[in-house]
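Novice: So the protein lines, in turn, are chains A and Z. For the first sequence, the working numbering begins at 1 and goes up steadily by one. For the second sequence, the working numbering begins at 1 and goes up steadily by one.
Don't read these hints as lab results, they were simulated from the structure. On a predicted model such as this, the values are computed, not experimentally measured, just so you know. Do not rely on the hints blindly, as some may be mistaken.
[To be verified] Stretch by stretch, here's where chain Z covers chain A in the computed footprint (C-beta under 8 Å, at least three residues): (1) 4-10; (2) 18-26; (3) 29-43.
We put the beta carbon where it would ideally sit given N, CA and C, even for glycine.
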Amino acid sequence: MEIIFGLITFSLTVAVLFLLAFVWAVRSHQYDDTYTPAVRMLFEDNETQAPTEQPQ
Amino acid sequence: MQPPELTNRVNITAAHTHTHTACTHCGDDCPEQPVVLHDKPFCCQGCKAVYELLEANNLCTYYSLSEEHPGQKVKEVELPGRFDYLDEESVQAQLLSFHSDKLARLTLTLPQMHCASCIYLLENLYKLNPGVSESRVNFLRKEISISYVPSETSLKEVVKLLTALGYEPQITLAELGAQPNHGSRAIYYKLGLAGFCFGNVMLLAFPDYLSFTDELAREFGRFFGYISLVLALPVLLYSAQDFYRSAWAGIRQRYINLDFPISLGLTALFGVSTYEILSGTGPGYLDSFTGLVFFMLIGKWVQQRTYEALRFDRDFTSYFPVAVTLLTKEGEKSVSVKDLQVGHRIVVRNQEVIPADAMLMRGTGQIDYSFVSGESVPVAKVAGEVVYAGGRQVGEAVELEVVREVSQGYLTQLWNNPAFQKAEKQTLETYANKVGRYFVGATLLIAAGAIAYWLPRNQHMMWRAFTSVLVIACPCALSLATPFALGSALTAFGRRKFFLKNSAVAEILGRATTIVFDKTGTLTDVKQSAVEYLGPTLTLREQQAVAAVVRQSTHPLSQRLAQELPQSSFAVVDFLEVPGQGLRGTVDGLVVKVGSAAFVGAAPVAPQASGTSDNMQSRVYVSLDNDLGGCYMFRNVYRQNLREVLADLGKRYRLAVLSGDNDTEQERLRELFGPKAELRFRQTPQNKLDYIAELKRQGDTVIMIGDGLNDAGALQQADAGIALTDTLSNFSPACDAILDASSFGQLNTFLKFTQDCLQVVLGTFVLSFIYNGIGLGLAVQGKFTPIVSAILMPISSLSVMLFATLLVRLAAYQRKL
Chain A
1 MEIIFGLITF
11 SLTVAVLFLL
21 AFVWAVRSHQ
31 YDDTYTPAVR
41 MLFEDNETQA
51 PTEQPQ
Chain Z
1 MQPPELTNRV
11 NITAAHTHTH
21 TACTHCGDDC
31 PEQPVVLHDK
41 PFCCQGCKAV
51 YELLEANNLC
61 TYYSLSEEHP
71 GQKVKEVELP
81 GRFDYLDEES
91 VQAQLLSFHS
101 DKLARLTLTL
111 PQMHCASCIY
121 LLENLYKLNP
131 GVSESRVNFL
141 RKEISISYVP
151 SETSLKEVVK
161 LLTALGYEPQ
171 ITLAELGAQP
181 NHGSRAIYYK
191 LGLAGFCFGN
201 VMLLAFPDYL
211 SFTDELAREF
221 GRFFGYISLV
231 LALPVLLYSA
241 QDFYRSAWAG
251 IRQRYINLDF
261 PISLGLTALF
271 GVSTYEILSG
281 TGPGYLDSFT
291 GLVFFMLIGK
301 WVQQRTYEAL
311 RFDRDFTSYF
321 PVAVTLLTKE
331 GEKSVSVKDL
341 QVGHRIVVRN
351 QEVIPADAML
361 MRGTGQIDYS
371 FVSGESVPVA
381 KVAGEVVYAG
391 GRQVGEAVEL
401 EVVREVSQGY
411 LTQLWNNPAF
421 QKAEKQTLET
431 YANKVGRYFV
441 GATLLIAAGA
451 IAYWLPRNQH
461 MMWRAFTSVL
471 VIACPCALSL
481 ATPFALGSAL
491 TAFGRRKFFL
501 KNSAVAEILG
511 RATTIVFDKT
521 GTLTDVKQSA
531 VEYLGPTLTL
541 REQQAVAAVV
551 RQSTHPLSQR
561 LAQELPQSSF
571 AVVDFLEVPG
581 QGLRGTVDGL
591 VVKVGSAAFV
601 GAAPVAPQAS
611 GTSDNMQSRV
621 YVSLDNDLGG
631 CYMFRNVYRQ
641 NLREVLADLG
651 KRYRLAVLSG
661 DNDTEQERLR
671 ELFGPKAELR
681 FRQTPQNKLD
691 YIAELKRQGD
701 TVIMIGDGLN
711 DAGALQQADA
721 GIALTDTLSN
731 FSPACDAILD
741 ASSFGQLNTF
751 LKFTQDCLQV
761 VLGTFVLSFI
771 YNGIGLGLAV
781 QGKFTPIVSA
791 ILMPISSLSV
801 MLFATLLVRL
811 AAYQRKL
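Just chain A, with the same shape it has in the complex:
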């Protein structure tokens, strides 16, 4: 049954990774605006791409 110790340690590690992912999501402004990205993704791709080089 000693395997339980290993399993729990492992499962907690995975859970902590998810917690860190959540923290990262909050830090990268993903909870600041919960509306615009949903609309933005519906625009045509070729039009919403920010130009990589400045058009003249």
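Following the hints, put chain Z in place on chain A, whose structure we already have.
Specialist: Only chain Z this time, still in chain A's reference frame:
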């Protein structure tokens, strides 16, 4: 109204006979002969110009993204040098969040943003101005972050482009130096951490509850216990911080709020659990502890949610311009308003706001104080008179000499009142806090009782019963009742365009006893006024001639009259506007004079002749070819449904009116408000504030409903200040709630609904007491075990959330909200 000069120049390429053609750009009705481009009708040249611009840049997707016409009518007349101040280094330094030679970045507020098309267009700015490298919209906050290359374009160009598209950024004194504040993310971290710990601690607690075998428990019990303890520690130290802080703040003010019993319960839970785990006497209640914190944080989160695009904390700086044109020996110069000093000479042009109290030096002032003082008609000022900050000049450019610095002005002085100093006003004790206090008393009493009972019988049981009572006394369900009930109420109000700052406001509204109204702009609708004509009948041609003349003027009365009169394509020659007096022009050979009685050479119409009491209503006299015509009378129009609303409110509330205007409307108001209402006229902003303070001293709970800066003090002083606004995107002073004018008729329903909500809250309190009662019953007998706690806590929390939300929705449905 479209700019008058445009209609006359319209090049008609196709005649549409049907009258209701929607403009391709803005969707408004087109005039009978619309402007046409590629077979598409437009209501005015401004709209057509925007369409052409978008078409040339292949951005017509703009028009297909939303069902309705997304465009904004381009209203403002282009004033030369209007955005020149944006070239100033000092202004730029305060507006830009980042600045280098290669890149500049800033965030602007665009109140006009309203649909998916707006997002599309605004994020494609780089196609319209190659100097813009990126633009990102935050729709909920109605903000746009723009990055541009300073060497290729300038801030002024970017703002001009936005304005040309119909999205004029809101750049006022308040925006200067204020960096975008992206709310508080702390609640998300706390909630996330608590949720994570709750889930894992619960998993670890399961084997114990199911107790497969005692052997298993012995082997792993300690290990699970220690891990749970490690997981619960961050919840105590970080996630639960706010409860302890709030309780401590309460105690320091010799005041016990609901967070006090919560903190007590949490401490007891954690303490008992730690003791049990470390001593090996039991599994502890850590799953209940983390669960409690998690659920209560959800309550806090619901409570904090608010309308991000609306600002409830605006003061005069949000109304004042950023820059002003300063006259120096070297010529005109744009300077920041903050740098204005006494003695400076400034120029204020048509439609600009006067930034500081100043002496009029040259030109004729025609100052619209409607927003500041509540006077509905612009006041004429001549050289030598003092004009106060906040007024808007209508007409020619005037030269002023500053006599008081911006912060010392007549209007801005109001903000020095202590009513504005309190950061968080705690005017009313919430039910939750009141109940919380009794809760503490009852709990401690029962805990003492349990000790007294068990002390002689069983020492171990005494200790157990005592801690159990403290644990169960944590009023978790109680603390969830208010946020969830009132949070749902906020959503219901939001649908009806009544936006509350937070849920506490709903509770205050439900308990109000007195409602105080401002007059101009609140009871009356400034945009509408009834126009009556008195005198010899004018022919259609004469009416059109008058219309052509008044259309040349920016004076509000002229514009109102122009709306009323038939349109024509007559050209006006010889036009002259004498500010404060009237207009003169020749139309089709007819000399038209419009203005005051003296200006047109008329004797004022005798009051008896008009059949109404003479109350100095705004009048405009007309003469044609020096033959006296009649006069147009403008009457304040009260809002629709005002009579019904007041009749209903009058039954349940004390009503009062505070008007900055003169008492000409007294009789009509008296009739509307009934004999008991208090009517006060010629009230300064300070008077209004004092009146509210006096009402509060008498023990009334006061709602103030106002609209302008002159009400700002009263709105702040009142228990709940409601700002009424015609367009939500417009400036509204600091307040607790913003009400869209179109929903004014439902005010009474709103207030009744808040009372329903309070009953729901009280009902939910009863429900949570039942849970606490069950828990206490078990606790005093010493039968309160971790498993009972683990079942009771989530059930009570969830059922309270559900109960509160559903009942409030039901109430909203019944009130048809």
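Novice: Confirm or reject each hint.
Specialist: Hint-by-hint comparison with the structure:
1. 4-10: holds (count 3)
2. 18-26: holds (count 5)
3. 29-43: Holds, because 11 residues of the region 29-43 of chain A bring their Cβ atoms closer than 8 Å to Cβ atoms of chain Z.
When each numbered hint is compared with the structure, no violation occurs for any of them.
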